[in-house]
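J.: Listed here are the chains, written in short residue letters.
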Amino acid sequence: MTRHAGVVALVGNPNAGKSALFNALTGARQKIANYPGVTVERKAGRMILPSGEPVELIDLPGTYGLAATSPDEDVTRRVIMGEQAGQVQPDVLVIVLDASNLEQHLVLAQEVLALGRPTVVALNMVDLAERDGLVLDPAALAVELGAPVIATVAVRRRGLTDLAAAVAQARDAAASAPPNPRPVLTMTERRLMARTMARGATLSESSVHRLHARIDRVLLHPWLGPPILFALLFVVFQAVFTWAKPVQDMLDALFTAGSGWLRNTLAPSLARDLLTDGVIAGVGSVVVFLPQILVLFFFILVMEATGYMARAAFLMDRMMAGVGLSGRSFIPLLSSFACAVPGIMATRSITDPKDRLTTILIAPMMTCSARLPVYAVIIAAFIPARQVLPGVGLQGLVLLALYGMGIIGAMGAALLLRRTITRGAASGFIMELPKYQLPTVKDLALGLWQRALIFLRRAGTMIFAVAIVLWLLLNFPRAAPGKDQVDASIAGHIANGLAVLVQPIGFNRDIALTLIPTMAAREVAVSSLATTYAVASDDDAARAAGLGAQLKTHWSLATALAFLAWFVFAPQCMSTIAVTRRETNGWKWPAFMLGYLFGLAYVFAGAVYWIAVAAGLG
Amino acid sequence: MLWQPRRVTLDELPLGTPARIIAVDWGKLVPEEADRLRALGLEAGATVQLAYRGVLWTRDPLAVEVGRMTVALRRVHGRAMQVEMVGATLAPVAS
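Chains as they are written, first to last, in this note's numbering: chain B, 1 to 618; chain U, 1 to 95.
Accuracy of the hints is not assured; some may be wrong.
Facing chain B, from chain U, some residues (calculated, C-beta under 10 Å) [claimed, not checked]:
| id | residue |
| --- | --- |
| 1 | Leu29 |
| 2 | Ala44 |
| 3 | Asp60 |
| 4 | Val76 |
These are computed hints drawn from the structure, not numbers from a lab. Glycine included, every Cβ here is placed at the ideal spot set by N, Cα and C.
Produce the complete structure using the sequences and hints provided.
T.: Printed below as a string of structure tokens:
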């Protein structure tokens, strides 16, 4: 990165429009990483001063005060004070205020100004304030605060040049004058002052009926709100599966064609196989989920940007409270039905660390889209397509039961975890419901781009490495000519050991062997079983049908049911493990997750197997 | 007979009735949550209004308007806050 002539930080309450201002000031060149040692996102970008000098702009996590109550707020405080490891103290602070909520936002502003650091105030979202019938006087506010105040509308790019000029001026002025701390007031005093200052800066205030109150009357209606939420979720899920499908098929075809082309061009060798079967197949099996993740994130970002997300949390809070969580856990868990990876990434919005950890630990139990291919093959092969009730098929019921078991398991685990390992203060639910706003295309596009990058970077590193290791396990040592490679491989030997372990739950050696490569991703089970039973066909449909017939001759119904039950809980997804490691900053919690979920899977599969055998289905 | 504004806890306040917070029993709340409520301006002296209450038959959580902001909180938090209705009818107090 180029050297910067200084560091500028954005500080403000949540919902002050900080991120929009950050995007408007920096454009697409942003660096997102974690602060060392904590899972708090560090967003940095380059802002150009009127002189043409670039400075580094950092977007600090939103906070209500410098007495931190969450890891995010703690980082904000430490950066401002210059105590955060690996981060230079910002030369200039930009306090971002929501113009239509000055009484509240001026409380933090006074606390920051009292530090005496070079500071500029951005009076943001003045357009929304005007919409609410509020006319403000930035000059009057500047006199009261004793700091320059610039009116801005980040999403319309209004006031940005003036803001940059004020930042440059503050930086240059600070160079010639020592810091100038002011008397520190108590929170109550600051609040009283904020009220007075807000009144002083208000030119006129008409009682235009606020738009958001009218929308909330419908969306938060005790009887209308929940059905509207569920209808919306239904649309989201439809979109995740239907919109993403064509792109997903395209990507899949691309990877297949790519490895086919390599296979035909390169001379047969181990290196070629490593490239096609290890690298391309491994990374490809994960990258095909990118379209689904993007569609899901599109909806999540829209819901967040418009302000609806907080309402969804409000509507779901009561239900989540039943298992010791809060409304904030709802969206991450919902996302996990598409894929646990974006779900776990979405837990960052949960302020309480214990709440967040619990949500991460139960997220993999939500039935993700990668389980569907496995469920589909087994159900089609073993469950008769019989009508139970008019319009209700037995196959559909089994699928529904598998989804249901995941949810029940997750809720049970949450209850248990909250009483034991993640026990803590009653997880409360206190959250601001932001004003409704139209999202901008640019902010949405940037958000999606960043999600895609994070996902692909992981596919390119962690998943890449695991794919190679799995391939090595399956291909070494080499088998003698005429002997089966898999039997000779390390994986084959592991499978022999594993077979003893999984025999009590009705799994045969073929299943044990399948479970090893399936550690990469659940849907690998299908192709792996196909290989094991030597069902060769390039056409997916024909392969699935052929595989079904093979499975029926090798497995009992009880074994098939146990196999389904296993996949409800088994954490066979290296992406989930990798993202858990990243989000919890260490191997402790992913290891715990692996342990308890495999334990649950083992017990549940075993129970299903023995009940089925007792019922005469063995 | 002495008359004074009606006092209830915040969770019992009728929807859409402006009221002033008279006292908060911070001891009933977890310290972090007390800090968060204070940071959002929910403390003695604030003027509030209950905007929405819970989903379906439950009366939890609450959406409280404080200043120009709407804050969601749980009933337990509301129960710790004594409010006095502003400009509402006076209620008799036994003297």
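J.: Run every hint past the structure and note whether it holds.
T.: A quick look at each hint next to the structure:
1. Leu29: Hint holds; Leu29 (chain U) Cβ to chain B Cβ min 8 Å, cut 10 Å.
2. Ala44: holds, 9 Å
3. Asp60: holds, 5 Å
4. Val76: This hint holds: Val76 (chain U) lies near chain B, its Cβ roughly 7 Å from the closest one there, short of 10 Å.
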